[in-house]
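Here the protein sequences come in this chain order: L and G. Using the working numbering, the first residue of the first sequence is number 1, and each one after it goes up by one. Using the working numbering, the first residue of the second sequence is number 1, and each one after it goes up by one.
Any given hint could turn out to be false.
[Said to hold, decoys possible] Using 35 Å as the maximum straight-line C-alpha spacing, the simulated DSBU-like pairs for lysine-lysine come out as follows:
1. 421(L) <-> 397(L)
2. 431(L) <-> 252(L)
3. 252(L) <-> 113(G)
4. 252(L) <-> 409(L)
5. 113(G) <-> 397(L)
6. 141(L) <-> 52(L)
7. 113(G) <-> 349(L)
8. 99(L) <-> 431(L)
9. 252(L) <-> 99(L)
Simulated from the structure, these hints should not be mistaken for lab results.
These are the residues of each chain, in order.
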Amino acid sequence: AVIDSGEKRHVRNPKERGPVKCFFFFSSFLPADIISTVEFNYSGELLATGDKGGRVVIFQREQESKNRPHSRGEYNVYSTFQSHEPEFDYLKSLEIEEKINKIRWLPQQNAAHFLLSTNDKTIKLWKISERDKRAEGYNLKDEDGRLRDPFRITSLRVPVLMPMDLMVEASPRRIFANAHTYHINSISVNSDHETYLSADDLRINLWHLEITDRSFNIVDIKPANMEELTEVITAAECHPHQCNVFVYSSSKGTIRLCDMRAAALCDRHTKFFEEPEDPSSRSFFSEIISSISDVKFSHSGRYMMTRDYLSVKVWDLNMENRPVETYQVHEYLRSKLCSLYENDCIFDKFECCWNGSDGAIMTGSYNNFFRMFDRNSRRDITLEASRESSKPRAMLKPRKVCTGGKRKKDEISVDSLDFNKKILHTAWHPKENVIAVAATNNLYIFQDKIN
Amino acid sequence: MYSSSRPDSSLLYRDFQCSQLVIFTGVNSGYMLGKGAKRKHEENEDELEGAAPAPASGEPADGPSKASYTLQRQTIFNMSLMKLYSQRAPADASLERRVLINNMLRRIQDELKQEGALRPLLLPASSPPEDPADEGFREAQPAFAVPAAPDSCLTPASLLEDDTSLFCTSPPPHGPPRPAPQAAKDSFSSALDEIEELCPATATTSPSDGTPSAPLSTEAQSKDKNGSQRPGGSASPAEERTSAADPAPPNGLDMSPSAPPSSSPSSSSGFLTDLALDDILFADIDTSMYDFDPCTSGAGAGPPKVAPVVTADDLVKTLSPYSGGSPSSGPSQPFKMDLAELDHIMEVLVGS
């Protein structure tokens, strides 16, 4: 297999970081941007963020040490690199944004970490590795790296590995390009750890991680006549255990589950999930708010969760005609849909995530609010990610939106919500109660309090 | 495969605390995310939000509720047109968003077609159009306020009720029509073409290929449409506005360079052909929002038809509540509009 030459970029010395200084460190160094994706790796040790400027920043959890028992394993910057650059498509006279749409980690197989990051058109496989030793005592070159004059070499020696300051390097190992005409909205690593899928508005491709010059198209919903296009793919994900199963959601609020064993082209679904429309709540905007912005399998693989504009739904894969659970995220917006349509907020794509045990789900809302739902107790909570209310170690106070009538103290009325402050991206640690919440260009990490 | 690490029954009663805040600061942190500003309570929006279409029973709703539904529908329709055809950076053009807006336009147009199917251009003043039985929309919420003064004809809702002759349910023929010319070099000529077509706009139903218009067209199609004389170019001012005002738009949904230019003329006129239409159709649009004057006698060639003369008066009458001033006398109006029309066209062309 052809391996791209390793290109070191943005090497960062982890020792420069410090948990307390993280804040100041960033503000002085990185001309950063709006966070566009957040993802924990399989162990939760690493947290990757992608932003609108094409950068990826990876945080690593500090090992809990006996010296600092109260330091609950904070996340520090581990590596930063420029994943994608803006490009220009000359054929179509269109600029290709460098914004990172999705990051997905690969399961760890050796000392290095691998992740896939994608913008609208190109997916890249990055290898993040540590280097803490270097060889000294070369024969043909001296310590500066300059070549030694061969005539000066009078003896041979064996280079010795000497410890050095830890360096974290990120290098692009594969570049998967030119396979998507439309904008990529999802990537998902398959459970076989060899393949992954990438989905754009109309097509889904299956790749092999080792092969970059071709991919296999498994779903194509592009109509022969583009004028008949009424539905697009909005998200796709591989099943966590069954490597032949994947799902994709559409802008009409439907989810299709496909089995790759059934046919080469999975245009015909194996299962079709759609909840019948409630006629009493029908409006002009019914279709738009039914558009699914995110779909996520549960860790168990038994359920999947979909996020549409106003709600989160949990589906049992064995039941196609309706979800088993529906959670209202911000039902108070239903009467504001016209305004939200006018300012385009109705097209915001919120993501959702499961906690490690599948007992709780989380999703974002406006005004920097995010919501958590406990599936067992059916309780829910609204929290806010804001600098004012989030001093380090401060407890998060539940928030409440007043939907009408008299506004109680500490409640916020619907009309005072700031629709510019939206939390689209959240992530939950796979094992612990640690959550990462992206609010515009701020990343909040909340941890469960321990006594 | 996955094992639970701790019981979650009291998950939500655990106190989450903020352990870290990482601020990504930089030059772009002031980036305008969207147009959603902090919203203030606005009466108009409440009225629109609460506008009630006919009840689910399918019976024709009472006057105010029906009018408000119609008003809301028209507002949404106009908004959708604006969204698809206003000047935007191509990067903003998400295919999903365009498809959803387009579906909205198509749905509204279908509804209007159904309502207007039995009537030609002018409606009898008596019966308000009935809602299709399957449109189960919400009831009016109390927030909606019917204008108080019964003799006042200045409010949109009452105007719609009183002047049903203007209330032509057919919308602008081409909801999201042929998108504006793709190539900059064509924009001028195509804009002129469209202006010309606006004026000879007649009530003729142009031959249609029968296909309900393809609202979406490809880049190649737009190129084709540039030169072709659209049949029955129903002089829609919105058409002129949308196409001329958008020389380098995020147009066609198909970003593929290999998109076949399928049946472009027919598709472009699909919206146009089914409905006899005229400037009158735009009478109920709140033109103050868009700040353009519909073409009446037009700046281009073509003899002014009979309709335009009527239209001018009607438009004037309609426009008065929106602009807030009473119009000047009839005869001078067309001239005024001509100049304003020319100004608008020039502005658009230069601005593009």
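Here is how each hint holds up against the structure:
no. : hint              : verdict
1   : 421(L) <-> 397(L) : 18 Å, holds
2   : 431(L) <-> 252(L) : 34 Å, holds
3   : 252(L) <-> 113(G) : 23 Å, holds
4   : 252(L) <-> 409(L) : 39 Å, violated
5   : 113(G) <-> 397(L) : 52 Å, violated
6   : 141(L) <-> 52(L)  : 42 Å, violated
7   : 113(G) <-> 349(L) : 32 Å, holds
8   : 99(L) <-> 431(L)  : 29 Å, holds
9   : 252(L) <-> 99(L)  : 26 Å, holds
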